[in-house]
Structures are given as C-alpha cells and as structure tokens.
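Assemble the complex: chain A is given as a structure, and chain B must be docked to it using the hints.
Residue numbers (the numbering used here), protein chains in the order written: chain A, 1 to 190; chain B, 1 to 176.
Keep in mind the hints are simulated off the structure, nothing from the lab. Every clue listed holds true.
With a cut-off of at most 27 Å between alpha-carbon atoms, the simulated DSSO-like pairs for lysine-lysine come out as follows:
no.	chain 1	residue 1	chain 2	residue 2
1	B	73	A	114
2	A	42	A	17
3	A	42	A	10
4	A	137	B	158
5	B	158	A	114
Partial selection, computed: residues in chain A whose CB lies under 8 Å from chain B:
no.	residue
6	23
7	29
8	81
9	95
10	114
11	118
12	126
13	127
14	135
All residues carry an ideal CB built from backbone N, CA and C; glycine is no exception.
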Amino acid sequence: MRRTGPPPGKIFLAFLKIGAFTFGGGYAMLPLIRETVVEREKWVSDEGFLDILSLTQSVPGALAVNTAVFIGRQLAGIPGALAATAGAVLPSFLVILAVAAVFTRFAQHPLLIKVFMGIRPAVVGLIAYAVFLLGRKVIRNAFTVVVAGAAFILVYYAGLNPFLVIIAAAGAGLFYSFFPGTAGKGGEDP
Amino acid sequence: MILLARLCDLFLSFARIGLAAFGGGYAMIPLMRAEFIIARQWLTLEEFLDIIAIAEMTPGPVAINSATYIGYKVAGIPGAAAATLGVIAPSVVLILIIAGLFQHFRTSPLVRAVISGIRPAVIGLIFSAVLVLGRPVLVDFRAFSISFAAFLLLITGKLRPLPVIGLAALLGLLLY
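Here chain B stands alone, though its shape is the one from the complex:
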C-alpha cells in the first residue's frame, strides 16, 4: 500500500514537471529541485547533481534519464517506471490533442503570447538553479576551476558535454 502511494506520488510529481517544463530537459532542473530536494526531500543536492551527470553520460533525453534514475532511487524498478511514464504522459497527451490542430496551434496569438512569457522566465529559473546547485559544490579553488573550465570549453565549442564530463572525472581522480 505504501509502495502504491509512493508510485502514485512519483507519477504525479513527474507529470506535473513534464507539464510545466517548457524548453525541454534543462527546464526540468529547477522544477525537479523544487519538487524532490525542497518539497519532498527525496534527494540531496549532491545526489541530484550526480543524477544530472549520469543522465548526461548515458544515451537518450536527459529528462527521461533523470526521471528513471530518481524513480529508481525512490522506489526501485516500479518507481523508475512510474516516474518515466509520468514525465512523458503530458507530452503524449498534449501532442496527440494538438497534432490535429497543428496549423491552428502554431499560429494562435494566444499560444504565442503565453509561450513568449514563459520562455524568458525559464532562463531565469535555470540560472537560479546554477547558483543554488553551485553553492555547496564550488567550495574550493579546484572545484571552481573545473566548473569554469567546463563552461569555457563548452561555450567556445572546444568540447561537447560528454567529453567535458569525462575530463572532469579524470581531474577528480587526480585532484581529490
């Protein structure tokens, strides 16, 4: 019974996140933090960062990867299934409804107006997640340098995210 309640919880939490995540996987980061670190305290900040790293290092959408991982951590394999179904359910339902009204939806002034407000807000939300997640992690010069180097390598297009994480793993072994 407790497991069933927890599975419902997971499904609904992730459905809510899927429904509010305008802008794809990264838009889910501030939402997942609010839901799982602050409200429910299922994860610590460090665990959350590790999950994002693992989600980046494995194939597939980061949103699905992190949902599966968090679900597994909270309630095993059934939890992984509940979380994954939860995060894709809004996509499937919304797209199936909208697909028939494709042209209508795309040019609707109402939809454009709503999206035009949400998009910039998501930037602000993800930026706040950077600071919140960075605070407990960037505690010494080594960590700060790794973070800054990762940002620079990505922004200048020198390396893709996957090799950046690989390099950081190596630096972790050498420096800590």
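Isolated chain A (complex conformation):
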C-alpha cells in the first residue's frame, strides 16, 4: 500500500495551487484536482480518481477537502494528508480573512449596500440552482421523492432541526434497504 510517494512539501504546493485558483466551490475544484494529480503529476490513475470521488462523496464534509485528505494520505501517509489539506484550505483562509477585514469595515458604505441588494437575490437563485443540480442526480424513484419531500416539510413547516432530519433520513435509508431488491436504489450514483 505505502510506496515512496512525493514529499509532503510537493503535495502541499500542488494543492495550494488548486485552492488558490478555483472559484465556485468544491465541484469547480474537481477538474483542476484531476488535471493535477492524474494528468500532470500522474500520482493517481484515471480510474483510481473516479474511485476516490465515489468515496469522498459518501463521506460528509467539503468535497474538495475530502478528496485532498484522501489523495494526500494515499501518496504520503498522514503527513501527506495533512499537507494536502493545508494546501487546499490555506488560500481560502487567507483570502477570506483579508476580504472579511475590509468588508466588515465598509459594509455600511452606500455603494456596497446597493451592490449587495443586487447580489442577495442572485444568491437565492444560485442555491435554487444547486437544488436542481443535486436533485437531478439524486431524485430518481418514489423513495427519493418521498424522503426529499418529507425532509422539506419537516424542516420548513414543522420547524424540525435539519440535523435530526439527516439522522432520520439515514434510518429511512436503512429501513428501505431491508426490503428485498431495493438495496441502494435510493439516490445512489449510477
């Protein structure tokens, strides 16, 4: 399993570049991660990368971070995992600190207020778009429709805590899998 991989410093720099140059979140980072680790550095095979994605999507947390931890660990053990994670996260952290320091200072500037009056509704549209993208992948049979609908009603109308809904949904998935012939049919990737 453990072979002599690249040094953690090199892994750190590779993920630092990925973290610094991708806008639009984790899904936007995946193509650049792939280009770096599969095509440029040849650390991971094409199939290996798809396997890694199927795992990192089944684990909670930010997709880009999950993928960085996994690839880093595969390349150089725990030091590699920490190096890749630090690299992927550090640019975000520093840029946001700078932006937050400036933004909290000027948030009341009339021009900024106008700008954000325009941006806020767009963000609502953006999150609706995320629902559409994820829904298209996941909603594919009666079970997934019922679970999605129930989760929505419980949180939106009944005011239930979303953490509880996630735990209940895990239970529903387990329960559903007990029926013969249904295992893994809810929201699983093809």
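The following block gives chain B in isolation, referenced to the frame of chain A:
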C-alpha cells in the same frame, strides 16, 4: 476566558456541521442556518446571504470560505481559525479512518443504505433553505427578477456562478 469558550463553541458547531454535511458545501447551508441564525443568533439572514455570496466570489471550497468568514465575524482571527479547523476536522478524521478500508466501505450495503436515505433528504433541506432565505430578500419585482434571471442563466449553462454574481452586483448598483 469568554473568548476561549466562544472558540470552543465555534469549533464544535462547525465540527457538527462538517459531520452532518453529506453532499458538500451546499448541504451545509441549511445546517449553518439552523445553527447560527436560529439557535445562536450570531448572524442575520442578510449577513448569511452576503457570506455565501462572498464565499462564492473567492477561490476555494464554499464550505471553508463561509466557515472562515463566520468564525472571523464571531471572534476575529482566532475565531476564523477555530471555525475552519472545526469544519475540516471531521473530514480529516473520517477519511483517515476509512481510507484503509477503502474497498470495504465503498461496497458496504450498510453504508450504501444510509447514504441512499441521506442524499434525497439533503435536497429537501437545501430547498427549504431557498425558501427561507428567499422570503426576506425577494420583496419586490427587481429582486425577484434578479433571482429568477440568475437561476435561468445558471440552469441553461449560459453563465457560471461567478459572472452571475458580478452581473447581479452591477444590477444592484443600477436598480437600487
């Protein structure tokens, strides 16, 4: 002492969010709302939307960006560090544990069953966040049009999220 308690709070809140966020950054939106707007009242809805916008406009994962920003807002630079470490801690620990059992985990019927229930639920959760966040924002025709246009441009693949936000900023300057 108060700062230390607040840093622990931030770390644990974000660790809990990181642990429950199946489906990446967007899955964190309903969780962050429950935690920071409703339970702790550290943020208003408008501030939260602004943070998501800023997280989209800056490089890196949206989950990390929003954690760093919220942490900074609540407790300065130490808060930013506590929140960011909190949101990545579950990922790092879980993946390091699971990586050794890679093939096992991927094909485990138990894991598949749990995930198959959680995935569709997350869709319902994010959809409820759309309505909750939209309600105080989509108050006039201008706002509603911007929101709808953004959705259409994204869904038809005409524009990526970053230019959509840039366009909306420009419209904000012109219309308000």
